[in-house]
Amino acid sequence: MLIDWFTVIAQTLNFLILVWLLKRFLYQPILDAIDAREKRIADELAAAATKQQQAVKQRDDFQQKNAEFDQKRQALLQQATAAAETERQRLLKAAQHSADELAAQRQLSLQLEQQALQQQLREQTQQQVFAIARKTLSDLSNKTLESAMVAMFMQKLNNLPDDAKAVLTASIKKADNVVCISSTFALSDNEHATLQQAVNSSFALAATLRFESSDKAIAGIALSAGGQRIAWTIDAYLSALEKTITQRVTPPSC
Numbered sequence: 001m002l003i004d005w006f007t008v009i010a011q012t013l014n015f016l017i018l019v020w021l022l023k024r025f026l027y028q029p030i031l032d033a034i035d036a037r038e039k040r041i042a043d044e045l046a047a048a049a050t051k052q053q054q055a056v057k058q059r060d061d062f063q064q065k066n067a068e069f070d071q072k073r074q075a076l077l078q079q080a081t082a083a084a085e086t087e088r089q090r091l092l093k094a095a096q097h098s099a100d101e102l103a104a105q106r107q108l109s110l111q112l113e114q115q116a117l118q119q120q121l122r123e124q125t126q127q128q129v130f131a132i133a134r135k136t137l138s139d140l141s142n143k144t145l146e147s148a149m150v151a152m153f154m155q156k157l158n159n160l161p162d163d164a165k166a167v168l169t170a171s172i173k174k175a176d177n178v179v180c181i182s183s184t185f186a187l188s189d190n191e192h193a194t195l196q197q198a199v200n201s202s203f204a205l206a207a208t209l210r211f212e213s214s215d216k217a218i219a220g221i222a223l224s225a226g227g228q229r230i231a232w233t234i235d236a237y238l239s240a241l242e243k244t245i246t247q248r249v250t251p252p253s254c
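Residue numbering for the sequence shown follows this note's numbering, beginning at 1 and increasing consecutively.
Where hints are given, some of them may not hold.
[As the list claims (entries may be wrong)] Listed next, the in silico DSS-like pairs over lysine-lysine satisfying Cα-Cα at most 25 Å (straight line): (1) K51 / K65; (2) K173 / K156; (3) K156 / K174; (4) K23 / K39.
Calculated from the structure, these hints are not laboratory results.
Can you make the complete structure from the sequences, with help from the hints?
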């Protein structure tokens, strides 16, 4: 069988032309359409992936912001709770301090009232005791008591400090050695002589004694000359004793 090369070449050429035509007008548009579709799908997928990433990022950002907000809210809540507790403790302490101050002031007021009452009672009792003592001694004043007063007065003369004795000696000499002896009751001659001897001995001079009676003081005896005076009386003794007791029983001022 003989091969018709012209026919073969013509058919081959026709086939190549057909293939080119198919590719040019059929396959290429289809391939282009497929490529375009694939590209569009890839772009859409990329866009979707980008959107998904953005959504994930937004979700993460939102969650982070929520977490930060929760932390801040918790911190603020703790701070507010701590501040409220601190303020509560401060108010409690202030209230307790005020209550303590009021209690202390009340206690001090009660103590002062009690001390004032006790002091008043002490003073009243003291005044009554010394009033009774003065009345009793005034009622009991007699010769025996007066003799005892003379003895106490002579003892006081003997115990005079040197400076006081010097002042009295100068006063007696200034009065020309005239000395006045006053007592509640009239003194006996023996008591006159005893006092004369005591005065001369104490002041080392010869004094002229003038005796007089006075009821201005409770049972006692006094010596005066040239404006100077020395005495020993139960009234003065009780007054000194009362002053001493008053100083001891009176509470010190704050």
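Would you pick out the hints that fail for this structure and give their numbers low to high?
none
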